[in-house]
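These protein sequences, in sequence, are chains A and B. Residue 46 in the numbering used here sits at position 46 of the first sequence, and the numbers go up by one each step. Residue 1076 in the numbering used here sits at position 76 of the second sequence, and the numbers go up by one each step.
In short, the hints are calculated from the structure, not lab data. C-beta atoms are modelled at their ideal positions from N, C-alpha and C, and glycine is treated no differently. Possibly wrong hints are sitting among the right ones.
[As the list claims (entries may be wrong)] Residues from chain B shown here face chain A by an in silico Cβ test under 10 Å; the list is partial:
hint, residue
1, Gly1529
2, Asp1571
3, Gly1817
4, Asn1821
5, Ser1829
[As the list claims (entries may be wrong)] Beta-carbon label-pair distances, calculated as ranges:
hint, chain 1, residue 1, chain 2, residue 2, range
6, B, Ala1122, A, His92, 51 to 61 Å
7, B, Ala1411, A, His92, 55 to 65 Å
8, B, Arg1627, A, Gly44, 26 to 36 Å
9, A, Cys122, B, Pro1844, 30 to 40 Å
10, A, Gly82, B, Arg1836, 25 to 35 Å
11, A, Cys122, B, Arg1523, 32 to 42 Å
[What the hints assert, rightly or not] So the derived list for chain B, only partly shown, Cβ under 8 Å to chain A, looks like this:
hint, residue
12, Ala1192
13, Asp1531
14, Ser1818
15, Val1820
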Amino acid sequence: MTVELSAPAHDAPELSVAPEPETWAAVCAVEEILPERGVAALLGDIQVAIFRTHDGVLFATTNRDPYSGAMVMSRGIVGTRGAAPTVASPMHKQVFDLRDGRCLDAMGQAAVGLMTYAVAECGGVVHVGLPGRNPGS
Amino acid sequence: MDLMDTVNPTTGRVVVVGGGMVARRLVDALRARDEEGRWAITVLAEEPRAPYDRVALTSYFSGRDPEDLELGDPGLWDDPLVTLRRSDTVVSVDRDARTVTTARGAVFPYDHLVLATGSYAAVPPVPGKDLRGAFVYRTIDDVADLRGYVESLRDRLDRPVRGAVVGGGLLGLEAAGALQALGVASTVVEFAPRLMPIQVDEGGGEALRRLIEQLGVTVRTGAATARIVGRQGVVSRMEFTEGRPLDVDVVIFAVGVRPRDELARACGLPVGERGGVVVDATCRTEDRAVWAVGEVANIEGRCLGLVAPGYTMAEIVVDRILGGEGTFPGADLSTKLKLLGVDVASFGDAFAAAPGSLEVVVSDPVAGVYKKLVMSDDAKTLRGGILVGDASAYAALRPMVGRPLGGDPMAYLLPEGTGATPEGELPDEATVCSCNAVTAGRVRCAVREDGCTDVAGVSACTRAGTSCGSCLPLVKRLVTTELTRSGITVSTALCEHFELSRAQLFDVVRVQGLTTFSEIVARHGRGRGCDICKPVIASILASLDTGHILDGEQATLQDTNDHVLANLQKDGSYSVVPRIPGGEVTPEGLIAIGKVAKDFGLYTKITGGQRIDLFGARIEQLPAIWRRLVDAGFESGHAYGKALRTVKSCVGSTWCRFGVQDSVALAIALELRYRGLRSPHKLKLGVSGCARECAEARGKDVGVIATESGWNLYVGGNGGFTPRHAVLLAEDLDTPTLVSAIDRFLMYYVRTADRLQRTAAWVADHEGGVEAIRAVILEDSLGIRADLDAAMERHVEAYEDEWAAVLADPEKLRRFGSFVNAPETADPSLAYVPERGQVRPATPRERESRSVLVAGTTLEVRR
Ligand SMILES: Cc1cc2nc3c(=O)[nH]c(=O)nc-3n(C[C@H](O)[C@H](O)[C@H](O)COP(=O)(O)OP(=O)(O)OC[C@H]3O[C@@H](n4cnc5c(N)ncnc54)[C@H](O)[C@@H]3O)c2cc1C
Ligand code: FES
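Take these sequences, add in the hints, and give me the full structure.
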């Protein structure tokens, strides 16, 4: 499914690792995501974590915690570090910048980032952009 | 010929006989200073353990393990240049061949031999001294034996155990205190007309006697033991040359020490008239290859029974072996009695032996205080002093010996807090910690240049305060002053969002009645919080009983564990722990839990807290699992929260042959009272029905142990990374008094502890330690008792089962969906393999070879 999109509500992150999305998947109503919390979404065989910050901005990353390998990122605590919106892994507390997935605090390990996805709200519905594949929803 | 010239510098061998405190210091010093590794050092130790802190031996009774007496970093013994041979005694020295031989027949050649054999505990030659029940007080084995003996008597006798300590000096009083703490009614027998005759004068002795008697210890001075009478081979009575005999079960000899100079005697080295290996001011014996240090050394014509001069000697020998010029500077024999509630210190020229001394004395028999300063004849220079009943000035005064006091000496003797205590600046070269020869200048430098920001850091870096600890108040003051002076403010900020500490935050939230994170961060912080401050604020709000933890914005503050009321496991599944108060469960309850586990395919394990942990629950299964558990009468066990976990109990007097109180009933009552209480860290309690302590209550934050007449309350224990035994807070409480003491302890902790600070660390960090906490809780020293009581009442009233509340609220149930767009689909990444009849998460390798995987659960999820 492809939809018309308004521009993302935040500045395009510089370090985004995801290429231009080719398909957009409607995921849920925006109210289903509590402010400052995340949800997991299953798009084909991809697990995406979608977060909504205090000021209503949406972010999407992989749901996979790169340190433990568990699909848990959506359950992390959302906050800020300086100006950066962040999520902390619920497993071992590594902190990631939600805008570009960069690891801001690796808790003494090598820094590994999170894959990010484009996300946008359209008519109260949250859409996630997936690169080069059909999410099959 | 100097040995140094003949030794091949790459293969030098230092052999130390004796593995005591001074030997350890010698090894430390040599390994620290011999940077090229020119010397290999071998320690031959008779005791079965590495050198330990003999000075702190008595703390073994307050429940410390032998490991807690460890000295310094045990890694020292892994150093390739260091060899420690335990449980082997050196039996002879061949000075011509330069070898020593041990009882097990090993022979060690040496280039330098250091005798560090310490002392024997002296035993007077009275008949009956070898009966079972007569002890000395020198090694861990001695005190372990004593404790075991007293405990076995306590179990056998139906009256209190009776004990006597022969010797009323520093050691004897410490031993009497230890006996008393073991519940032994004790008498101190001293030959001299007063207690601690070597350290205090007559006036001090009188005050001291009253203090000791207040502990319940009987004092008999001027008494000479004639013999110890046994019955069936065990001690039963003591007789004196005059006066009534004394019925006793246990006798401890603490009459002094005798240097273990037998090796030196046997190989022809000179020993002193009253024993001790004679050494010169460089600690060398007549034989240039043989040195003696510590208590066995006879230096300046006497043996010194304190650890500080021994450490100095160790440093000198190392210095000399490495070619230095160190000499013994003379000993500081200042001492402070280490007995709880009895403050005695004596320092410098305490008896005004030097001609032309002035004495300034303050004596207050009512308050039990006697203080004396010995001054030079112009009343300006401090020469020494005796402090009995209040030795708070000791740490500050001792380094001033030989220096002008600056001001009226009387001011130092007035009680603390009267505003008169002068805050004189200590000169840099004044010794602050005499055990470890640390000067005020070194402490200041540790702050200024080594970047230490607290007492713990300074202690680690300088060793100040690591032995007897009597200097710690002074070290703390110096550190604080120096920090302020260097403009370093010690940050207690929680994280980048809050400048306040957890305790401060707790207060402002409570006082201002704030109830949401947004309000709190707007008023007292910045940004939108993080995984540090959000759970802290969630916990504070929960402690203040501001409603269900998943209500409104509070839900967003919770860690995933609290957010879904279950414990996250390594693969992203959760574990579920229903509450089983006191570990008591009906067969029906067990069957219900078993059926849930079976139906959902959960791995089942009994926890250390006497309940059952069910692993492998997927997030979307949690409500269905809990519906079943709640229907079977179970409640949330809060295993996921920083909250009360369990109250462990033994079976107690209802069934147990030995139990003296109903520990199960009390444990259940306590668990039901405190369930749901949110705290800075997890809380565990334990209740034992008798002194056998089967519930391991002293390993808990709050431990209760039954006595014949009530309950003893212990606080601040924990297992985990740094295990600690709980310390005694109050004795023989009746049940209502016990419960209200625990109420206050917990609430006070909840309000004032740091983030993730367990009770053990909180007690240790609390200004004034456990005594101050006792004063707050039992004597209301802060005037907050009513407030703490009311807070606990509110908690008890407001309690509701978190899981039952979630199940009744469709809004809250929604967050348990696995995927927002497929709420009942299992996370496809979860994979399990069978093991011992249950499942466990597959390893990455097993995942690759997909064949071994089994489905996690067998029941359809009902929502
Ligand atoms: C209960 C108690 C409280 C004390 N409190 C204080 C205090 O508050 N302040 C203070 O300054 N001092 C205190 N002391 C004294 C202090 O502990 C000693 O001064 C200090 O331990 C002396 O150290 P050392 O190494 O010379 O001897 P030790 O620590 O006695 O070590 C000697 C070791 O050598 C071993 N040994 C002996 N002969 C041989 C051999 N032939 N072969 C192999 N090994 C051998 C012994 O088994 C022993 O382990 C206290 C002592 C006790 C017992
Ligand atoms: S004076 Fe004993 S540790 Fe400092």
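Verification of the supplied hints:
About 4 Å separates the beta-carbon of B:Gly1529 from the nearest beta-carbon of chain A, less than 10 Å, and the hint is met. Proximity of B:Asp1571 to chain A holds as hinted, the smallest CB-CB distance being about 5 Å (cut-off 10 Å). Hint status for B:Gly1817: holds, given a least beta-carbon distance of 8 Å to chain A, under 10 Å. With 10 Å as the threshold, the beta carbon of B:Asn1821 comes within range of chain A, its nearest partner Cβ sitting at about 5 Å, so the hint holds.
Interface hint status for B:Ser1829: upheld, as the beta-carbon distance to the closest one in chain A is roughly 5 Å, under 10 Å. Taking the beta carbon of each, B:Ala1122 and A:His92 are about 57 Å apart, inside 51 to 61 Å as hinted. Distance hint for B:Ala1411 and A:His92: a CB-CB separation of about 56 Å, consistent with the stated range 55 to 65 Å. A hinted range of 26 to 36 Å holds for the C-beta pair B:Arg1627 and A:Gly44, which are about 32 Å apart.
Restraint check, A:Cys122 to B:Pro1844: a C-beta distance of roughly 39 Å satisfies the suggested window 30 to 40 Å. About 49 Å separates the C-beta atoms of A:Gly82 and B:Arg1836, a value inconsistent with the hinted range of 25 to 35 Å. Taking the beta carbon of each, A:Cys122 and B:Arg1523 are about 37 Å apart, inside 32 to 42 Å as hinted. Evaluation of the B:Ala1192 hint against chain A yields a violated restraint, the C-beta minimum of about 60 Å exceeding 8 Å.
For B:Asp1531, the shortest C-beta to C-beta distance to chain A is roughly 4 Å, which falls under 8 Å, so the interface hint holds. Hint status for B:Ser1818: holds, given a least beta-carbon distance of 7 Å to chain A, under 8 Å. Interface restraint check: B:Val1820 against chain A, minimum CB-CB distance 4 Å, threshold 8 Å, status holds.
Taken one by one, the earlier hints fail for this structure at numbers 10, 12, listed in ascending order.
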